[in-house]
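Trainee: Chain by chain, the residues:
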Amino acid sequence: MSGIFKGAFEPNIIAFLCNWCSYVGADLAGISRIRYPANVKVVRVMCSGRVNPLFVIYALRHGLDGILIAGCHPGDCHYLQGNYIARRRLVLMRRLIEYVGIDPRRLRVSWVSASEGAKFADLVKEMVDEIKKLGPIEQFHENI
Amino acid sequence: MKIGVYVCHCGTNIAANIDVVKVVGYAATLPYVVVSRDYQYMCSDPGQELIKKDIYEHKLDRIVVASCSPAMHEPTFQKVLEEAGLNRYCLEMVNIREQCSWVHMNREEATRKTMVLVAGAAARAALLWPLTAREVNVTPTALVIGGGISGIQTALDIADNGFRVYLVEKEPSIGGRMAQLDKTFPTLDCSACILTPKMVDVSRHPLIELMTYAEVVDVQGYVGNFKVKVKKKPRYIDTAKCTGCGLCAEACILRGKILNEFDVGTSKRSAVYLPFPQAVPLKYTVDKDNCMFIRYGVCGKYPACKKVCSSEAIDFNQKEEFVELNVGAIVVAAGYDVFDPKIKPELGYGLYRNVITGLELERLCSASGPTHGKIKVDGKEPRAVLFIHCVGSRDAQVGNEYCSRVCCMYTAKHAYLIKEKLPNTKVTVCYIDMRASGKGYEEFYKKVQLEGVQYRRVNVAEVYQKGEKLVARGEDTLLGEPCEIESDLIVLAVGLTPKKNAKDTSVLLRIPQGSDGFFLEVHPKLRPLETTSSGVFLAGCCQGPKDIPESVAQASGAASKAVMLLSKGKVLVEPFTPQISEDICTGCGFCIEVCPYEAISFKDVNRYGYSVKAASVNEALCKGCGACSAACLSGAIQQNAFTDEQLLTVVKMLSGDT
Amino acid sequence: MNLDKAKIEAKKMLSRGEVKYVIGYEIGTYGFRISPSFARTPEEVDKFTLSPLCANNLVTYLKVERSPPLPKGIKPSNLKVALFAKGCDSRAILQLIAEKNLSREDVFIFGVPCTGRIDPKKIEAMFPRVVSKADVVEKDDSYIIMIEGKDHPVPKDKLIFDHCRSCQYPNPLVYDLLLGDEVAAGEDYYDSVVELEKQTLNERWNYWRSHFERCIRCNACRNVCPLCYCDDCILERLKPQWMRRSVNANDNTVYHLTRAYHMAGRCISCGECERVCPMHLPLMKLYKKLEKDVKELFEYTPGLTAEEKPLLTTFKPEDSEEFIK
Amino acid sequence: MTATEIFTLPKNRMHAFLGALSGYKLYAPVLVEGVLLFDLITDLKKFSCDAALSGNPVKPPKALLFPQTETMFRFNVTRDVDISVGKDNEGERIIFGIHSCDARSFLIFDQVFDRDPSDPYYANRRRKTVIIGIACNIPGANCFCTSVGGGPASKEGLDVLFTDLGDRYVVETVTTRGKVLIKQVRKTNPDLMAECQAVDIQKALELHKSAEEKMPRNIDLDGMPKKLARLSEHQFWSDISSKCIACGICTYLCPTCYCFDIQDEAAPLSANVYKLVGKRVRVWDSCMFPEYTLQASGYNPRPLRIHRIKNRIYHKYKWHPENFKSFACVGCGRCIDFCPVNVDIVEILSKVKAIRD
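Residue numbers (our numbering), protein chains in the order written: chain P, 1 to 144; chain D, 1 to 658; chain C, 1 to 325; chain E, 1 to 357.
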């Protein structure tokens with residue numbers, strides 16, 4: 001949790017964005033100067049299909065409060081089908097963490113195209129608000 | 001391991017919202033970091049020199065640059081590393097402009113985020129290893145989408161450079177908007193006269209394959225090697241046989257019954273038609289939405305057109321065809337739509353017949369237009385004509401905040417033409433701000449005023465009918481008092497908008513649209529012709545409103561960008577192929593299944609004397625998506641530069657933001 | 001009797017040198033224990049037994065030490081392995097083939113139609129400290145437990161594995177020799193999973209935590225699993241270290257979540273992981289959940305054919321988007 | 001060893017007795033989700049004698065002195081490293097309800113961990129732990145303590161020994177430490193324990209004897225080390241090992257297996273100032289895992305189960321005896337009870353004996 005002001009809970013969220021759509025979309029949000037909270041930190045991958053769902057477990061275990069994974073819209077994948085495969089994996093992973101009692105809202109998957117800068121910004125705002133409500137991830141608290 | 005960290009101010013773009021100095025101080029404490037500096041403009045020559053010097057002096061192994069988006073300057077800094085003898089893939093960039101300083105206004109938060117990102121980048125950099133980009137050949141052919149003046153110019157320039165060009169136009173003829181114009185400002189030369197020769201050049205050019213009445217429906221592949229699927233809509237006319245004589249149109253039983261799009265509805269045509277006399281190709285087209293025979297299977301006893309066509313060009317059995325094109329570069333010259341004034345009903349368009357748009361006036365003025373150049377309202381010549389500026393431009397209410405940049409001048413041209421044709425008619429122009437910035441424009445504006453055209457700074461609120469007359473009510477913003485202006489004809493200076501299907505095109509080519517809906521260039525100043533998907537360039541109004549000279553200039557620019565790519569003949573493909581640890585691979589074949597390019601296959605490897613199957617990659621086929629790495633259960637297959645370890649170390653670092 | 005049929009065939013194959021060995025079951029060293037039995041000679045086949053106690057999924061032996069270092073000059077044998085396989089075991093075989101980790105011609109399968117197996121934890125709780133070798137026969141809806149010549153009839157459902165009750169595939173889906181007549185499938189239910197799904201997030205978390213914190217990470221669940229065939233498991237890797245070595249509720253959770261995700265669309269519900277767990281972790285509640293989700297979301301059931309592509313390597317454009325926006 | 005003192009304690013006063021052990025952390029067997037485990041008793045109601053008697057806890061008591069995960073020290077790495085060894089704030093502890101076999105396992109641990117140089121983590125806990133045992137009247141199905149020099153009522157490693165006479169316990173102090181403890185209890189609760197009558201002592205001895213006779217598994221291990229020395233290359237090891245699935249149950253649940261692995265576990269603190277905070281942990285390891293002997297080069301001297309099983313047997317019945325004059329096995333039978341594939345150490349040993357050479 002990144003508390004800038006003492007006490008205030010600032011969710012620490014990691015975002016895996018695909019290089020061709022979502023990362024460009026995030027850049028567009030910047031170019032268009034659309035403001036959104038600083039809680040989300042982006043990791044660039046070539047394709048949402050690169051994201052191994054076990055990254056989610058790893059991130060949660062290391063105390064991240066939320067994980068966002070964004071890729072091209074179904075059908076628009078730069079690599080034809082990466083996002084389709086990612087979708088299956090992540091839908092299952094989300095159900096799995098929910099089943100063991102981790103709030104599934106901590107894992108978000110979205111399709112953000114290169115021209116959806118505004119959507120990306122909204123997505124981040126929404127997710128940050130949501131996770132602020134959920135509070136810091138307690139499950140794996142004693143990290144080290 | 002020695003890492004250098006470089007944080008860019010980007011003038012104030014970054015420094016204004018991020019405490020760069022603090023970040024640099026922090027970076028110095030990170031593992032392996034031996035140098036950590038900030039600079040005004042890292043991408044500038046001195047900035048680059050700074051990095052090179054450090055690489056030499058401190059024997060740096062890895063470089064972290066925190067600046068703008070890698071989409072912007074990754075190649076720049078990769079080159080720096082190479083010039084200093086480092087492998088270009090030993091660079092890790094941190095996007096602290098587009099994804100930080102430009103979106104986070106709280107300096108403290110933005111700085112904090114930057115520090116954590118830099119920490120992640122440094123950790124990842126330490127785990128990067130040198131890679132060699134692969135060279136792949138470029139298909140020496142270009143695709144130009146859109147046959148307006150921009151597309152035409154682009155196609156001609158590329159072809160004149162000796163490269164094959166496919167020019168795809170969705171209408172039956174090339175020519176685009178310019179073909180609809182009567183005269184062009186400020187020189188008043190006839191639009192057709194300067195455009196038609198170029199159209200003909202296109203049709204005659206040995207290296208240009210013209211595909212009219214066709215649309216791009218799918219684009220796959222990447223810079224240098226795009227696979228494009230084009231849909232050829234059926235014309236129901238065998239273009240090889242059609243002589244363009246026009247007898248079919250004469251004979252068509254729907255003759256004069258169908259609105260003519262080219263004349264923006266100011267005239268009627270047949271179901272089989274030629275958009276305009278100078279059309280290229282000079283081939284007729286059957287409009288399947290209206291043709292009786294196509295709609296109902298019968299047209300009288302026997303379709304009249306078929307009866308009269310001696311060359312038997314009419315063929316109702318034509319089906320739509322799909323053709324696959326391989327091209328190395330794509331230029332998008334998709335053009336624009338004109339603003340639909342119905343969105344502003346207060347101006348009476350569609351309500352009063354004598355409220356028309358500028359484009360409609362163009363057709364009325366045109367000698368080849370429906371009225372052969374005569375301007376009449378209900379058969380009478382208008383005694384007073386009123387022009388209203390900025391319809392659908394600079395107007396937040398309709399969501400177009402931009403200036404369409406051509407309306408002031410084309411209205412001036414219209415006013416002039418009317419004065420020329422009807423010297424006694426009173427011509428008033430209601431403007432908001434007069435913009436005549438182009439070469440010879442201001443002079444033309446003066447000239448028009450001298451012709452007796454009255455310019456009034458009036459903000460028109462509504463238009464209503466008063467007997468025969470139309471009354472425009474508004475506020476004279478110079479006098480600061482309300483005013484009403486009577487006229488017989490009102491011409492709306494409608495603005496330019498993105499094409500209705502711009503979104504589809506954006507998806508098709510994976511090029512972003514700006515907030516205004518026009519396609520987005522990589523950089524508004526320095527890379528106005530390129531898009532974020534490399535190998536795809538922009539020409540003309542699809543990138544934003546332009547007048548003809550600008551469009552032509554940009555078209556030539558885009559052409560030369562494409563030619564640069566094609567003539568280089570090779571492009572570097574990122575070496576983000578996977579590496580396989582054969583001793584870990586279980587041979588389950590998951591990676592083979594998920595690979596969309598069949599780049600992975602089994603090979604027999606010897607494991608302690610046993611022959612076992614293990615995955616093996618064909619780098620030539622691999623496009624580097626990394627799906628295999630995520631599919632692998634044993635972690636045996638790892639994508640270069642995106643290994644589990646390299647990615648997870650970032651996760652770990654970011655997790656430390658507590 | 002069916003076992004005899006199998007023994008005859010097994011001896012034949014061994015004496016002809018057609019198989020490396022035959023893997024079956026033999027009465028264990030005490031009480032209700034059953035031991036996997038490797039017959040390398042026709043004589044050793046006589047040890048074989050077949051009873052409701054024979055729960056082990058012998059398919060797991062097709063994956064352990066698949067390529068042991070060979071003495072110089074010795075060539076790896078390419079002989080078949082013959083083994084007994086119940087319905088679930090046969091699905092493991094099919095899944096292994098689908099995942100290219102086994103070829104059909106490498107195994108000879110004695111197909112065992114299965115009416116369910118006895119949960120050793122249950123029977124040893126009911127008959128504690130039984131030293132002498134006991135045996136069990138099935139009779140209608142009950143088991144006759146035979147201890148030191150005394151017979152104790154016990155209703156089946158008191159001793160049978162929970163997951164056997166809802167078994168959908170009691171009959172081998174692939175075999176070379178079927179031992180006995182096919183049996184009827186139980187009805188498909190996920191009561192315990194659904195019941196857990198109904199609880200709140202916190203209740204579920206506490207439920208799993210209370211179990212996971214007991215885990216000693218002995219790896220029995222992983223090693224016994226016929227489909228955990230990586231020679232080098234990512235859970236033991238240090239670069240990157242997916243899971244810390246510390247044994248505590250947190251990292252044990254990581255251990256089981258990782259394994260569970262890796263089993264998604266692959267687990268064939270043989271229940272071995274739960275059977276071998278010395279700490280009584282209700283692992284089948286985890287794996288049944290996966291089975292249920294995979295069925296619901298993708299109409300997919302692993303281990304039914306050798307041709308089907310593994311679930312997570314394929315997709316349908318119309319796949320569920322669920323929460324994705 | 002001082003002369004023992006013997007008392008009787010009514011069963012229904014057990015809680016009173018345990019309650020009187022103030023100043024100690026009390027560990028005793030409790031049933032958790034059907035699994036018998038040593039646990040810290042914070043609420044005496046949680047504790048039932050019958051549970052404690054129902055058999056050997058699944059997880060051996062070594063876990064209390066040699067936890068599966070031990071934090072050796074914490075570190076804090078910036079440009080330089082600073083290390084802080086945790087303050088030992090563990091008070092005195094009592095392990096109650098331990099069986100004789102498990103108690104003997106501490107003697108074996110002492111041989112390894114509490115000699116010069118001694119392992120501070122283990123030794124420290126060892127010194128602070130009083131061990132109260134309960135004689136086992138009914139051995140478990142796979143018990144063979146008597147074959148490895150122990151017995152169901154062996155006092156080795158115990159400070160106090162309880163024997164269950166049905167409605168009461170015979171409480172016998174074994175060490176001075178035990179004496180002191182009992183004295184303390186009696187001081188605070190004078191009427192709790194009575195001097196033990198001769199008949200009860202007699203009863204207890206009979207129970208001990210009958211338990212010994214009931215011992216289900218017996219094997220004469222005389223000369224085992226030498227025998228093993230001669231069989232190291234024998235074929236039958238491969239028959240033994242073919243069914244092993246190489247899990248860690250036998251070793252983790254073994255009260256005498258003491259192998260461990262050492263790891264640094266750290267996480268970065270990357271906000272504002274960078275530092276790496278973490279700890280060095282010691283975790284149980286098992287010679288049954290391939291990783292156990294895997295070398296950095298990738299070479300593994302014990303690549304196969306046959307090598308590893310052999311190692312386990314040899315360690316317990318050859319090498320350790322040769323070094324310490326006692327088997328590294330207390331005959332608790334856990335490895336047999338919980339092996340999923342019925343690898344039976346007694347059977348293996350009998351086979352070894354049976355081999356003619």
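No lab work stands behind these hints: they were computed from the structure.
Hints are not guaranteed to be accurate.
Claimed, not checked - Pairs of lysine to aspartate or glutamate, DMTMM-like flavour, derived with a Cα cap of 25 angstroms:
| hint | chain 1 | residue 1 | chain 2 | residue 2 |
| --- | --- | --- | --- | --- |
| 1 | D | K503 | P | D76 |
| 2 | C | K47 | E | E213 |
| 3 | C | K133 | E | E265 |
| 4 | D | K603 | C | D176 |
| 5 | E | K45 | E | D119 |
| 6 | C | K72 | D | E108 |
| 7 | E | K275 | D | E582 |
| 8 | C | K198 | P | E130 |
| 9 | E | K275 | D | D604 |
| 10 | C | K80 | D | E645 |
| 11 | C | K12 | C | D231 |
| 12 | E | K279 | E | E265 |
Trainee: So, for every hint listed, does it hold in this structure?
Mentor: How the hints compare with the structure:
no.: 1; hint: D:K503 x P:D76; verdict: holds, 13 angstroms
no.: 2; hint: C:K47 x E:E213; verdict: violated, 31 angstroms
no.: 3; hint: C:K133 x E:E265; verdict: violated, 47 angstroms
no.: 4; hint: D:K603 x C:D176; verdict: violated, 30 angstroms
no.: 5; hint: E:K45 x E:D119; verdict: violated, 35 angstroms
no.: 6; hint: C:K72 x D:E108; verdict: violated, 67 angstroms
no.: 7; hint: E:K275 x D:E582; verdict: violated, 37 angstroms
no.: 8; hint: C:K198 x P:E130; verdict: holds, 23 angstroms
no.: 9; hint: E:K275 x D:D604; verdict: violated, 46 angstroms
no.: 10; hint: C:K80 x D:E645; verdict: violated, 40 angstroms
no.: 11; hint: C:K12 x C:D231; verdict: violated, 33 angstroms
no.: 12; hint: E:K279 x E:E265; verdict: holds, 5 angstroms
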